[in-house]
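Student: The chain contents come next:
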Amino acid sequence: MAPTILPGDWLIVNPLATGWPAPGAVVVFREPLGETLAIKRVAAGAGEQVPFAGGYLTLAPGEAWLGSDADEKAAASVGSGPPIDSQRYGPVDVDGLVARVLFRYAPLRRIGRIGRRPRD
Amino acid sequence: MFLTNAVLGFLSPRVTVRAHCDLPCGVYDPEQARIEAESCYKIIEKYAANDDPAYRTRALAIKEERAELVKHHLDVLWHDYFKPEHLEKVPNLHDLFWQATKAASKVKGSTDLADGKKLLDLIDEVDAAWKATGGLEKTRVAGRPS
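Protein sequence lines, in the order shown, are assigned to chains A and B.
For what it's worth, numbering that gives the first Met the number 0 labels the leading residue of the first sequence as 0, then goes sequentially.
For what it's worth, numbering that gives the first Met the number 0 labels the leading residue of the second sequence as 0, then goes sequentially.
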């Protein structure tokens, strides 16, 4: 999730979120494969179409498409491989939603709101 | 000091979340393909020098396997090691990999030593491209004899 979130950041989240926030928000969720507790940005929500595997996929009610801020190059710059996100495991059901990320309270020089990012 | 630690302990997060990326080992080396291709070359030699049908059958089966590994190792270099910016240094990169993997396919089915040699030469060209883009310094673990 570089550059938005870096390893070691301390975050305040809202664990009471019951539905996917609008696209652009950052969320914590359980990955459909392997149950890893992961953090990504909502790229699209129910009813929207997303490009996938050369075609398009329409998201069902309760589903979100989650993406990484880091592209392959940005991930490589912090020593990681290609990001693992919905391109890999597909849409994520709202059952997997754990919390919405609101604020970073450490490190001190990076304190600030984790805002919604407008889509390009 | 005790107070700072207590406050930090209270404030620090209890749960860790992951941005989750693949973790590549970062070792990419044309030598892996070269050794499998050398196996193919030697097998073709041994095949020609032996009339025993059982031996010849085994030789062909093993050559198929090794040639498939050559293709795999070349593919990994092509997809994972080489990056778009390397094309400036090696403008014929895609064609080179196409030729090399095609040569490996040829060797799978061939018992002609010339095909085996051609594959080795193309892998050496890949090796030159890998060195020209700093592969030797970037991906080989320091201390390994070259």
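One or more hints might be untrue.
Each pair of labels, with its calculated beta carbon distance range [as the list claims (entries may be wrong)]:
1. A:G80 to B:R13: 26 to 32 Å
2. B:E63 to A:P106: 32 to 38 Å
3. A:A52 to B:S11: 21 to 27 Å
Listing some non-contacts, in silico: residues in chain A with all C-beta distances to chain B over 10 Å [to be verified]:
4. A1
5. W9
6. N13
7. A37
8. K39
9. A42
10. G53
11. Y55
12. L56
13. T57
14. P60
15. L101
16. R108
17. R116
No wet-lab data here; the hints were simulated from the structure.
For glycine and all other residues, C-beta sits at the position ideal for the given N, C-alpha and C.
Student: Indicate, hint by hint, whether the structure satisfies it.
Tutor: We went through each hint and held it up to the structure:
Between A:G80 and B:R13 the C-beta distance comes to about 28 Å, which sits within the given range of 26 to 32 Å. Restraint check, B:E63 to A:P106: a C-beta distance of roughly 56 Å breaks the suggested window 32 to 38 Å. Here the CB-CB span from A:A52 to B:S11 is close to 41 Å, at odds with the stated 21 to 27 Å. The beta carbon of A:A1 is not kept farther than 10 Å from every beta carbon of chain B, the shortest such distance being approximately 8 Å.
Separation of A:W9 from chain B is inadequate, the least Cβ-Cβ distance of about 5 Å not exceeding the 10 Å criterion. Every CB of chain B lies more than 10 Å from the CB of A:N13, the least distance being 14 Å, so the non-interface label holds. Once the 10 Å rule is applied to beta carbons, A:A37 is inconsistent with being away from chain B; the minimum gap is 5 Å. The claim that A:K39 lies off the interface is violated: its Cβ sits roughly 7 Å from the closest Cβ of chain B, which falls inside the 10 Å cut-off.
The claim that A:A42 is not at the interface with chain B holds, since no C-beta of that chain comes within 10 Å of its own (minimum 15 Å). Distance to chain B confirms A:G53 as a non-interface residue, since its nearest Cβ pair spans about 18 Å, more than 10 Å. Its beta-carbon lying about 25 Å from the closest one in chain B, A:Y55 satisfies the requirement of being farther than 10 Å from that chain. Non-interface call for A:L56 relative to chain B: holds, since the shortest CB-CB distance, roughly 21 Å, exceeds 10 Å.
A cut-off of 10 Å between C-beta atoms confirms that A:T57 is not in contact with chain B; the least separation is 25 Å. With 10 Å as the threshold on Cβ separation, the claim that A:P60 sits away from chain B holds: the shortest Cβ distance comes to roughly 26 Å. Chain B leaves A:L101 outside its interface by the beta-carbon criterion, the shortest separation being 13 Å against a cut-off of 10 Å. The beta carbon of A:R108 is kept farther than 10 Å from every beta carbon of chain B, the shortest such distance being approximately 16 Å.
Every CB of chain B is more than 10 Å from the CB of A:R116 (nearest about 15 Å), matching its label as outside the interface.
Consistency note: the structure conflicts with the earlier hints numbered 2, 3, 4, 5, 7, 8.
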